[in-house]
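Enquirer: Take the given structure of chain A and dock chain B with the ligands to it, following the hints.
So the protein sequences, as listed, match chains A and B. Under our numbering, the first residue of the first sequence is numbered 1, with each subsequent residue one higher. Under our numbering, the first residue of the second sequence is numbered 1, with each subsequent residue one higher.
Please keep in mind that the hints were generated in silico from the structure rather than gathered at the bench. Please note: incorrect hints may appear among the correct ones.
What the hints assert, rightly or not - Sample of chain A residues with no beta-carbon within 10 Å of chain B, all distances over it, derived:
{"no.": "1", "residue": "L6"}
{"no.": "2", "residue": "Y95"}
{"no.": "3", "residue": "G154"}
{"no.": "4", "residue": "P206"}
{"no.": "5", "residue": "C255"}
To be verified - List time: in silico SDA-like cross-link candidates among lysine to any residue, alpha-carbon distance up to 25 Å:
{"no.": "6", "chain 1": "B", "residue 1": "K87", "chain 2": "A", "residue 2": "G91"}
{"no.": "7", "chain 1": "B", "residue 1": "K87", "chain 2": "A", "residue 2": "L241"}
{"no.": "8", "chain 1": "A", "residue 1": "K262", "chain 2": "B", "residue 2": "R94"}
{"no.": "9", "chain 1": "B", "residue 1": "K113", "chain 2": "A", "residue 2": "W239"}
As the structure is a prediction and not an experimental result, all values here were calculated from the model. Ideal placement from N, C-alpha and C gives every residue a C-beta, glycine not left out.
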Amino acid sequence: MLESLLDGIFNGISIGSVLLLAALGLAIVFGLMGVINMAHGELMMLGAYTTFVVQNGFKALGAPWSDFYIFFALIAAFIVTALVGLLLERGVVRYLYGRPLETLLATWGVSLILQQFIRSVSWQFAAGVGVFCLLFFGALWLISRRPDFEQIRGKAIAIMLPLSGAISLVVSNLLGQTYKFAVTLPWFGTQGVDVTAPKWLRGGLPLGGYQLPYTRVFIIALTILCLFAVFWFLNRTVWGLRIRAVTQNRSMSACLGIPTQKVDALTFAIGSGLAGVAGCAVSLLGSVSSNTGQSYIVDTFMVVVIGGVGKLVGSIVAAATIGIISYVVGSNALAPLVEFSPFLQGLLEFFATASMAKVFVFALIVIFLQFRPAGLFPQKGRTVDA
Amino acid sequence: MSHPSGALSAQPIGAGSDLMLDLTDLNVYYGESHILRSVDMGVAPGKMVCLIGRNGVGKTTLLKTVMGLLPTRTGNIKLAGESIARKTSDQRARMGIGYVPQGREIIPRLTVKDNLLLGLEARPKGSKKSQDIPNEIFDLFPVLKTMLSRMGGDLSGGQQQQLAIARALMGNPRLLVLDEPTEGIQPSIILEIEAAVRRIIQTKGISVLLVEQHLHFVRQADWYYAMQKGGIVASGPTHELSQQVIQKFLAV
Ligand SMILES: Nc1ncnc2c1ncn2[C@@H]1O[C@H](COP(=O)(O)OP(=O)(O)OP(=O)(O)O)[C@@H](O)[C@H]1O
Ligand SMILES: [Mg+2]
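Next up, chain A with everything else stripped away, as it sits in the complex:
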């Protein structure tokens, strides 16, 4: 009895901690900045693939190293996704501040691009993209140093875009013909890839009749660590103070001399980097494919919305609650409690699968939002307006 309850709580917390880790970055990007980033899940996916690449690299290095690849993978995943996030903010999102619908559509488009990118990236593809970027942005950079840049900019783009496109196509085709499979083979392909947890993370912590897998313990610890890091960063550092100020009053912050564009870029990059860390954690739980991000995006938005936009504490409570409820309902842990009533037993039985548990949780969320539309901890949030 007690054991099954404990079991439910532990499992719920471990599910919740994955959710929370995934939602933490979103709580910053959506909660603090008010930006709806539909590509958040794909940033997680990139983090997971980064883990895969780092793992393979360390496997080649051999014994002592391959056991600790996970720490390097966490850092690499953070850096890679933070950089992609930075690119996304500078290249797309910043032009759409204050226009949530456009942001949603644009970032959704980016999410599709990232999924396809992971499926089809090969040496040939990478070389093509590399050549294109080199030519196009290199030319723009050269031109931007001329004094009449503003006037000839449009013309330069019109010339350089097809030109560098054509050259990069030719280069990548040539590569494909010369080296054949060696360069055309996709790096990851459409099939999922598997990250194997390091040796010391296999097995589990015996807990009564049940084993708490070490990977889950690791993820719970990682989540707590990330939470503290985020709290520390936001509340104890100069950049954290700037972020909090810009979140609450953008135009006055600018008038005080805070570089708001830099703050936006940094905030977005950190939120994205945390998605990468979450992706790294998720890769320990199962195989990773280009769809991995999609299975998390809805849940993570739920966590942020239920918690109350702009409230990290709310997200924590919401993630744990959703995690515990889904586990308890999904595994039918409450069945022994309702043995007296066949009807209730039947009802619980009905919801006792993963997908039905999800339906149950969503139904609860819909009801909850009827009563508390602003979430558990409402506050006057800000949306970034340009």
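Expert: For chain B with the ligands alone, kept in the frame of chain A given last:
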């Protein structure tokens, strides 16, 4: 209305080129409504200039334009001879403009101390930023000393106003821009704020551009500009402020 350099020639300091703030032919729109109509105005170094005019004539709009919160359609803005019309607000702040907006705009869910520390952001890069609040701030506004750990949003209006001025001073500005600092504030606090502003000008030699309705405060300025329907319609030294002008341009 003559060009400010002409107008200011009556003042002891301030030929056109070495004005601290120099606005020429400023036209500003909200969407399609024309708010500022070819405004010319100047603030000489170390002087206090007051802009008066009835509600809704465009005084706040003018200050927001100076701060870069609103774009200019035509015209130029120069700070100490350098054009700032294309700089962003944060760049302007770091170039030495301290802004105290109408409504104070204290960051509500930051402590008074954090609000003050944000004032340091305007100091130029590389200048040593100690994370302490200099004593002169507390000399000017003693109330703030006891409230450092309170939330900015929990302060009274008068306290917030003092905090807003103190915050602007933290950045060591060359030009202090004040938008109705006495609005909705009891007379004794108004006197304190007035005295503080006077002391700032005397001890730090910074220039002040003030929007004000309170006559006693207006008279502290060296020079006034009167605004009507978005244009400057009168200007002169404040000791020449006639009863007629006061009645026409001050709401009180
Ligand atoms: N955001 C806005 N959009 C459109 N029009 C605006 C906006 N803000 C102000 N206005 C208009 O611009 C005009 C000038 O406003 P402004 O705030 O500059 O007046 P003011 O002189 O500061 O008045 P007050 O003494 O009441 O502060 C007003 O007619 C006002 O209605
Ligand atoms: Mg005003």
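Enquirer: Please name the hints from earlier in the document that this structure breaks, with their numbers sorted from lowest to highest.
Expert: Hint 5 alone not satisfied by this model.
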